[in-house]
Each structure stands twice: as C-alpha cells, then as structure tokens.
Amino acid sequence: METTFTPVLSLIGGGLIGLAAVLLMLLRGKILGATGILAGALRPASRNDFVWRALMLAGMISGPWVYFSVFGGLPAIEVPVSTGYLLLGGFVVGIGVTLASGCTSGHGVCGMARLSPRSFVATGTFMLTTGITVYVVRHVLGA
Amino acid sequence: MWSGMYWGHRPMRNFLTYLTGVIFGTGIALSGMINPAKVLNFFDVAGSWDPSLAFVMGGAVGVAFIGYRLVLKRPAPVFEPAFDVPQNRKLDMRLILGAGVFGIGWGIAGFCPGGALPALGTADVRVILFVVALIAGILCTRKVLAATANT
Chain A
1 METTFTPVLS LIGGGLIGLA AVLLMLLRGK ILGATGILAG ALRPASRNDF VWRALMLAGM
61 ISGPWVYFSV FGGLPAIEVP VSTGYLLLGG FVVGIGVTLA SGCTSGHGVC GMARLSPRSF
121 VATGTFMLTT GITVYVVRHV LGA
Chain B
144 MWSGMYWGHR PMRNFLTYLT GVIFGTGIAL SGMINPAKVL NFFDVAGSWD PSLAFVMGGA
204 VGVAFIGYRL VLKRPAPVFE PAFDVPQNRK LDMRLILGAG VFGIGWGIAG FCPGGALPAL
264 GTADVRVILF VVALIAGILC TRKVLAATAN T
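Chains A and B, in that order, are what the protein sequence lines are.
Per my numbering, the very first residue in the first sequence carries number 1; after that it's consecutive.
Per my numbering, the very first residue in the second sequence carries number 144; after that it's consecutive.
So here's chain B without its partners, still in its complex pose:
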C-alpha cells in the first residue's frame, strides 16, 4: 500500500517538492537572510546592529519545532518509504572545527548557503561568485577528506 503511495503520484510529488523550495526561498527573501548587509549587521553589536536575524531564527525554529513533532508521529513521509533523519549524536572535533570555520567564512562574506542559493534567482553576479567559491570549497574539502581517509 505504501509503495503504491510513494511511487505513484509522481507529478504531485515533484510539484509539492518544488513548492517547498519556493516557500523556503520566499522566506529567505522576505526575512532579509538574502541580504549580506543585514546578516552582518546582526553580528555587529559594536557597530550598525540590526537584531532582525533573531526574529528569523525564532520564527523558523519555532515553526519547525512544532511541525516536526506532528510530522514525526507518522510511520513514514508521504512520498518516501522512510524518514531520513541523522542519527549521529557524537560531538567530535570535526563538527566543532567545521562549524567554527563556517562561521569565519560567514563573517567574511555575509552569505550562508541558505541565503545565497535563493539569491541566485536574482542572477546577481556577486551571488554567482560566492556560490562558485562555495562549491569549490565543498569539492576541495571532499578531495582532502577522501585522500586522508585512504591513508
């Protein structure tokens, strides 16, 4: 029964997945997360401080916290056989180092991936440059991780 559910309705499944992306992108645009000047100002308490980002995080985490509780009561998602949720609970150096490095990059450029990807829709050349550099960083790190894992 479930297999019929998730392998059927492909146009509806694809449309609703696209719509989910639209809602995310609209939220990023509306909230100001799309604007590096606004994001950097959240962190510039000693200068031109703009506390808007706290409201973005509050709204997003609040809605997701309640929504996840309802959704994860289901035996499975609507269009897939099972939920695919990270089970790793280990606090390791790679996580802390990675998060620390991410923050340094975010503080330098003002874009995070969730802000920059929707911003690509405007075809702004600065956004394209950031995303190209982002992808280069992802691919280089993967190469290094793969190389060190093999030794």
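Isolated chain A (complex conformation):
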C-alpha cells in the first residue's frame, strides 16, 4: 500500500510531539512515554498519579478531533495487515515495551533528547528489528 511522502506535515507534527514532551516536563516533571503513561494508569501509585495519566490519555484521544476541526475529516488510519497480525503485534509490543520500559515516544523522543544511553541503545535496537520484521513479513513471507 503506497502512502504519500509528507515532509512538512510530518515535521510540524513531530514538532508538536516534542512540544508536548517539553510541556509535560515543565508542568509535571514527567517523561512523555505512551507506554509509561498507559502502564502507570493500569496500576497507579496514587490518586494524583492516576489523574495526570488519565488527563494525558483523554487529551491524546482528542488529537484526531483537533485534526478533524482543521481538515474537516479524521486522519487516515490504514491497516495493511490482517486482524491476526494486529492482535499478535499488539501483544508482542506489550511484552517488549514492558521489558524495555519504553517505546518510540519514551525512548525514541524523550530519552534521545535527554541523551540517555539506554534510550539510544533501545531506539537503535527497535528500529533495526522493526526494519527486519517488515522486510521478512512483506518480502519473505509475502503477507
């Protein structure tokens, strides 16, 4: 499935992701990791701990509607894989991010911006295994 190269929108969107990471540090002193925020909300340390996570999650799911109000339609979500792959992928992602204590946002954006050696190693590792997996799925298995 072909997608359009969108350097300007992607750069602006990326800038907003970075801005949100900076704001969460300024306001609440926290790393903006989607894994950490979700996992912590499933087992909050305190009421205050649950509230900030729930507010972040509520804000995140409002994002597509900000997009809607600007562009008059929801952003495209094209899933080029089967439901089985979607469920398998989700479960495997859950295992990986729990072991690694972070994902693309926590390690790839926040950790790299903090020059954390753990995050550089994590990001390098998952970019490599994602690339290998996509190659195997698409060009070896032909799914």
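The set of hints was computed from the structure by calculation and includes no laboratory data.
This one's a predicted model, so the numbers in the text were calculated from it and none came from an experiment.
Among the hints, erroneous ones may be present.
[What the hints assert, rightly or not] Here are a few chain B residues that sit away from chain A, every Cβ distance over 10 Å (derived from the structure):
1) N178
2) A290
3) A292
[Said to hold, decoys possible] Straight-line distance between alpha carbons at most 25 Å, and here's what the computed DMTMM-like set of lysine to aspartate or glutamate pairs gives:
4) B:K286 / A:D49
5) B:K286 / B:D235
6) B:K216 / A:D49
[Stated by the list, open to error] Pair ranges (Cβ atoms, derived):
7) B:L215 / A:L141: 18 to 28 Å
8) A:M1 / B:K233: 34 to 44 Å
9) A:L141 / B:Q230: 37 to 47 Å
10) B:A266 / A:L9: 52 to 62 Å
11) A:G84 / B:K216: 42 to 52 Å
Note that beta-carbon positions come from the ideal geometry of N, C-alpha and C, so glycine has one too.
Here the structure of chain A is known, so what remains is to put chain B in place on it, guided by the hints.
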C-alpha cells in the same frame, strides 16, 4: 512557597495537563504516526518506501532536546515538587531484549503505543483490538516478571 504553588491551582494544573495530551495527540495525527500503513512504509526501503517518519523523529527530538535544556534548568516543575526523570544508566539484556521484541511487534502491526492511543479517539475497531492486545501483553509480562522475581 513551592507547596502552595503545586497543590494550588488544581483546575489550571489539570487543564494544562489535558492540553499537553491534546498537543501530543494532534502531533501524532498530523505527522502520520497514527497511520500504520505510513509507519510500515518507512521501514519498507525495499518496497513502498515513505521517509516521512524521519521528519517526525527529527522534529520531535529537535524540539524536545532544546526544550528539555531550558526546562531542566528550573529547580522544579510548575505543578510538582520535583522532576521525575529516570536515573538508570545501565545497559542490560532486559532493555535490549525488550526493545528488540517491541520492534518485532511494531513491524507486525504497524502501531506503536504512542500512535495507537491517540488513534483510539477515532473509535476505529482495529485500533481498539490493537490496544486490547497491547494491554494484555503488558499485564501478562508483569505477571511473569513478578513471578520470576519471587523465585
């Protein structure tokens, strides 16, 4: 003085935290990270390659790198008594194994947690299925980790 600062202004604190989530979700939607087809195409150099994701990462890391330098000069965040930043600098097998496994899942499904959570806002059933599987993976791994830690 600081305690008055962070325990007061609760409506403002909550509103600004929500707004931060909105900015993140909007960035994910605008950048294309919300779209698995676009994310998978970034990695498909041998096929339908779309380099957009490099611009997302570049923009995000660039802004966060500069912003963190300014913010972390403060003695404390605006609404909390202290910064809560990971201090662990140890490169262990659990980190590398976890990151490797995460990448395999990301390559299979095309969603990462940061892309999928904002996507829940569209109520797309495929996103809901992915997030349910994601939560199941998180909870099962926790159970296994807790069990092995006790033995």
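* Beyond 10 Å from every Cβ of chain A: is that where the Cβ of B:N178 lies? -> violated, 5 Å
* Range hint compliance [Cβ, A:L141 to B:Q230, 37 to 47 Å] -> holds, 42 Å
* Asked: Is the Cα-Cα distance between B:K216 and A:D49 25 Å or less?
  -> holds, 24 Å
* Verify that the Cβ of B:A292 lies farther than 10 Å from every Cβ atom of chain A, and report whether the claim holds or is violated. => Non-interface label stands for B:A292: nearest chain A Cβ at 13 Å, farther than 10 Å.
* To do: Look at the Cβ atoms of A:M1 and B:K233 and judge whether their distance stays inside 34 to 44 Å.
  => This hint holds: roughly 40 Å between Cβ atoms.
* Outcome of range test on Cβ distance (B:L215, A:L141; 18 to 28 Å) -> violated, 45 Å
* Asked: Would the pair B:K286 and B:D235 pass a check requiring their Cα atoms to be no farther apart than 25 Å?
  -> holds, 20 Å
* Take a quick look at whether B:K286 and A:D49 sit within 25 Å of each other, Cα to Cα. => holds, 22 Å
* Asked: Beyond 10 Å from every Cβ of chain A: is that where the Cβ of B:A290 lies?
  -> Nearest chain A Cβ is 14 Å from B:A290, so the label holds.
* To do: Can you let me know if the beta-carbon spacing of A:G84 and B:K216 is within 42 to 52 Å?
  => holds, 49 Å
* To do: Take the C-beta atom of B:A266 and the C-beta atom of A:L9, compute their distance, and say whether it sits inside 52 to 62 Å.
  => violated, 23 Å
The structure fails to meet hints 1, 7, 10 from the earlier list, while all remaining hints are met.
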